[in-house]
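Colleague: Listed below, chain by chain, are the residues.
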Amino acid sequence: MNVVNEKCEVIRNERVSSDGHILVLNSRDISRQTLPGQFVEIGCYGEDMILRRPFSVFDVSSESLSLFIKIVGKGTKWLSELNSGSIVDLIGPLGNGFTVSSKSRSLLIGGGCGIASLNLLSRKLFDSDSNSDTIFGFSKPEEIPQEIIEGFQKRANRVLVTVDKGPYPFIGNVVDRLKEIDRENYDRFYCCGPTRMLKALEPFLCKREVEVSLEARMACGIGVCYGCTISTKHGSKRVCLDGPVFKMEEVEWNEM
Amino acid sequence: MKCNLRTDLGRIGILRNPIIISSGTFGLSKPYFDLLESEYVGAVVTKTITLNPKEGNAQPRILEGPSSMINSIGLENPGVLSFIEEYKDGYGKLEIPVIISISGNSVSEFVEIADRLNDIDGATAIELNLSCPNVDSEGLSFGSSPERIGNVVSECSKTSKYPLIAKLSPFQSIDASFARSAEMAGASAISLINTVPAMKIDINRFRSALGALSGGMSGPAIRPIALKMVYEISRDIDLPIIGMGGISNGEDAVEFIMAGATAISIGTMNMIDPSIPKSITKFFENFMQVHSLLDTAEIAQRFIQRNS
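Chain order of the listed sequences is A and B. Just so we're aligned, residue 0 is where the first sequence starts under numbering that gives the first Met the number 0, counting upward by one. Just so we're aligned, residue 0 is where the second sequence starts under numbering that gives the first Met the number 0, counting upward by one.
Heads up, a few of these hints could be off.
[What the hints assert, rightly or not] DSS-like, lysine-lysine: derived pairs with alpha carbons at most 27 Å apart:
(1) B:LYS53 with A:LYS236
(2) A:LYS6 with B:LYS277
(3) B:LYS87 with B:LYS160
(4) A:LYS139 with A:LYS198
[What the hints assert, rightly or not] Cβ-Cβ distance ranges computed for the label pairs, FRET-style:
(5) B:GLU36 with A:GLY45: 56 to 64 Å
(6) B:LYS87 with A:GLY45: 39 to 47 Å
(7) A:LYS6 with B:ASN203: 51 to 59 Å
(8) A:LYS206 with B:PHE282: 53 to 61 Å
(9) B:ASN203 with A:PRO166: 25 to 33 Å
(10) B:GLU94 with A:THR194: 25 to 33 Å
[Said to hold, decoys possible] According to the in silico footprint, chain B covers these stretches of chain A (three or more CB under 8 Å from chain B):
(11) 1–10
(12) 48–58
(13) 213–221
Simulated from the structure, these hints should not be mistaken for lab results. All figures in this text were calculated on a predicted structure; none of them were measured in a lab. Every residue, glycine too, gets a C-beta built ideally from N, C-alpha and C.
Based on the sequences and whatever the hints tell you, model everything.
Modeller: What follows is the structure, encoded as structure tokens:
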């Protein structure tokens, strides 16, 4: 697998929630190589921005690659306003990705834009005859990307959604929903979301087979600058190069 | 007409082209190498190596500002002994000249690192990162006076088998006194400018937006300032100057050569697009052809002719 720089045309830019967009890009070189949990670095050339932005790959086909963009700042705002036909500059695929095992029973836990890498993962698990259930947490009901959740429902036995603040049938965080579930039903757990969420999950999932995908601020995304390092049981690691997926037990959560 | 990009850095030697990759923005990771087209690179500078391993600063280490970036990596590195151990199978295998960047908390630390690096064969030069904010026994920050810079350079040149490059911070580039002091003490070239000390405050949390209190600013925003410093200092000293600060493309690179740099170095923008050396090379070739220039030295000469 080689990391490549690909100029991609925007095929579609679709708003899927109050602050979420799905950006579908024309891609062959990157899309055909991408594994679940891997990410791309996308150039944002609006105004005075210089750094690329890292995004987990949401979905791929042989001719396209899509990203879930949650608007949080200038770069994501710029991306959310791209029209079809615009050209963007991508580097990828980057990072290690999740371990996909066939015929497993998995629980996927995501928060916010963590839904992106879990989407591609859930598709691959489904294709490998693995059962997966899902828990998603969002801050507010309007942030729930309903269509994407429906996609998960087609592939999973059970999809639980929770929001921090209602009105919604279930108010709470992903830990609250995890407590309702018999964890013994699963042999693998995959988590992706804000560090604070992953940290909160840790006491409930320790001693199990858990892979976490970490979010980090990055400058290069290609293992050069050491801007995204974290402490692990095996020393300092770069999220962009050694991750973004780590075994939960490997991460020094106290130092996160 | 074939234009000549060969770059004469005096005692350091001749590079195949004037494009250098700055310290902290070059690495041996596979994704970077997949994207780098190394035949367009004149030399690379390693991450700064210190005597002992350094863990670096707390997160966050990176912030983006208008056309700029502030980093507070904190010189995370494995220390000189591990560096030497890994050199042979890493940097030593590159087909690009390697400049080793070092930093110390005291003159004796610089000298000890330089001494240990004599065990390495085949490197091109040592770059002294003199922007270290640490304070030594006399309570002054390292680069605070030209005499102290001269002291580090002269002690290291007594010890090291390699030619030395003094890398100056913007504060050491305000006038030529620091560069002149490094020249007198035996430096073979001057690099300028290092990142600009900078900070960003998270007003809602009443604390620094970086893990550390402050960091170093780089990127296109600092480029005109760096250019002026290269211009001024190159007029005052005879050593070759490696000019850097926000260079993003061929136009920027040519500007630095006109201002008096013998070679140019790309840092932040190289991390965003590792293929920049190729586009800069192509730009140089085209520019020199259009203006009937035979080598990069002629670019600078023509600028001087038109501005004297």
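Colleague: Look at each hint and say if it fits the structure.
Modeller: The hints, checked one at a time:
no.: 1; hint: B:LYS53 with A:LYS236; verdict: 14 Å, holds
no.: 2; hint: A:LYS6 with B:LYS277; verdict: 17 Å, holds
no.: 3; hint: B:LYS87 with B:LYS160; verdict: 18 Å, holds
no.: 4; hint: A:LYS139 with A:LYS198; verdict: 21 Å, holds
no.: 5; hint: B:GLU36 with A:GLY45: 56 to 64 Å; verdict: 27 Å, violated
no.: 6; hint: B:LYS87 with A:GLY45: 39 to 47 Å; verdict: 45 Å, holds
no.: 7; hint: A:LYS6 with B:ASN203: 51 to 59 Å; verdict: 38 Å, violated
no.: 8; hint: A:LYS206 with B:PHE282: 53 to 61 Å; verdict: 57 Å, holds
no.: 9; hint: B:ASN203 with A:PRO166: 25 to 33 Å; verdict: 28 Å, holds
no.: 10; hint: B:GLU94 with A:THR194: 25 to 33 Å; verdict: 40 Å, violated
no.: 11; hint: 1–10; verdict: holds (count 4)
no.: 12; hint: 48–58; verdict: holds (count 4)
no.: 13; hint: 213–221; verdict: holds (count 7)
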